[in-house]
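**Student:** The lines below spell out each chain.
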Amino acid sequence: DAKTTQPPSMDCAEGRAANLPCNHSTISGNEYVYWYRQIHSQGPQYIIHGLKNNETNEMASLIITEDRKSSTLILPHATLRDTAVYYCIVRVAPLTGTASKLTFGTGTRLQVTL
Amino acid sequence: KAGVTQTPRYLIKTRGQQVTLSCSPISGHRSVSWYQQTPGQGLQFLFEYFSETQRNKGNFPGRFSGRQFSNSRSEMNVSTLELGDSALYLCASSLAISGGQETQYFGPGTRLLVL
Chain A
1 DAKTTQPPSM
11 DCAEGRAANL
21 PCNHSTISGN
31 EYVYWYRQIH
41 SQGPQYIIHG
51 LKNNETNEMA
61 SLIITEDRKS
71 STLILPHATL
81 RDTAVYYCIV
91 RVAPLTGTAS
101 KLTFGTGTRL
111 QVTL
Chain B
1 KAGVTQTPRY
11 LIKTRGQQVT
21 LSCSPISGHR
31 SVSWYQQTPG
41 QGLQFLFEYF
51 SETQRNKGNF
61 PGRFSGRQFS
71 NSRSEMNVST
81 LELGDSALYL
91 CASSLAISGG
101 QETQYFGPGT
111 RLLVL
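So the sequence lines, in the order shown, correspond to chains A and B.
Start counting the first sequence at 1; every next residue gets the next number (the working numbering).
Start counting the second sequence at 1; every next residue gets the next number (the working numbering).
Mixed in with the good hints, there may be bad ones.
Example chain A residues on the side facing chain B (calculated, C-beta under 8 Å, incomplete) [claimed, not checked]:
| no. | residue |
| --- | --- |
| 1 | Lys-3 |
| 2 | Ser-25 |
| 3 | Pro-44 |
| 4 | Tyr-46 |
The set of hints was computed from the structure by calculation and includes no laboratory data.
Keep in mind it's a predicted model, so treat the numbers as computed, not measured.
C-beta atoms are modelled at their ideal positions from N, C-alpha and C, and glycine is treated no differently.
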């Protein structure tokens, strides 16, 4: 699986958009971009994933550049409860009958402040 | 639909003992993966089970083992506990059907402290 690079930490004011970047310059054509977050001492929470098109769900938006070498997770209106470590993961499509392992990096620690 | 559940949530053991952790996946999910999280090493993959068979294994010693039952529930066992085994143990479940959009959903974890 391709490696990812994320800034170690970011701050965001409550109510503003949080834009979390991820670099995955060695991504290959069959690899998806996944985002998870982990609030202190809890299990990681799935946020969103995509292959090449931009994606949006009730939690966030995922913007993937045309060359797929980087992506940005956008939390449109950050709240204090969004304070967490955000992980960007790139992984190949798994075969039937296997989930394939997730390789977590160190992630970005997002601090949302008043 | 209920999420992934893990029991117990907290556990204290002493060196040399063994421990068994349990994971119940989301209903209908057939794959269960286990991860260890420590402050020094981060989140590391232990193993994955599907249809009662281990499909993938991380780089952990043989003291770490697991199994999956016919109802997809899974257990992991750590024998001869060491201080370094103190960690948050996370279980994740997924449908594991064909296609690249396979998403793993994590449980709350079991925090193990080895004294």
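**Student:** Look at each hint and say if it fits the structure.
**Tutor:** So, going through the hints one by one against the coordinates:
1. Residue-level restraint check for Lys-3(A) is violated (minimum Cβ-Cβ distance to chain B is 14 Å; threshold 8 Å).
2. With its C-beta approaching chain B no nearer than about 20 Å, Ser-25(A) sits outside the 8 Å limit, and its interface hint is violated.
3. Because the beta carbon of Pro-44(A) sits about 5 Å from the nearest beta carbon in chain B, less than 8 Å, this interface hint is met.
4. Satisfaction of the interface hint for Tyr-46(A) is found here, the shortest Cβ-Cβ separation to chain B being roughly 6 Å, below the 8 Å cut-off.
Taken one by one, the earlier hints fail for this structure at numbers 1, 2, listed in ascending order.
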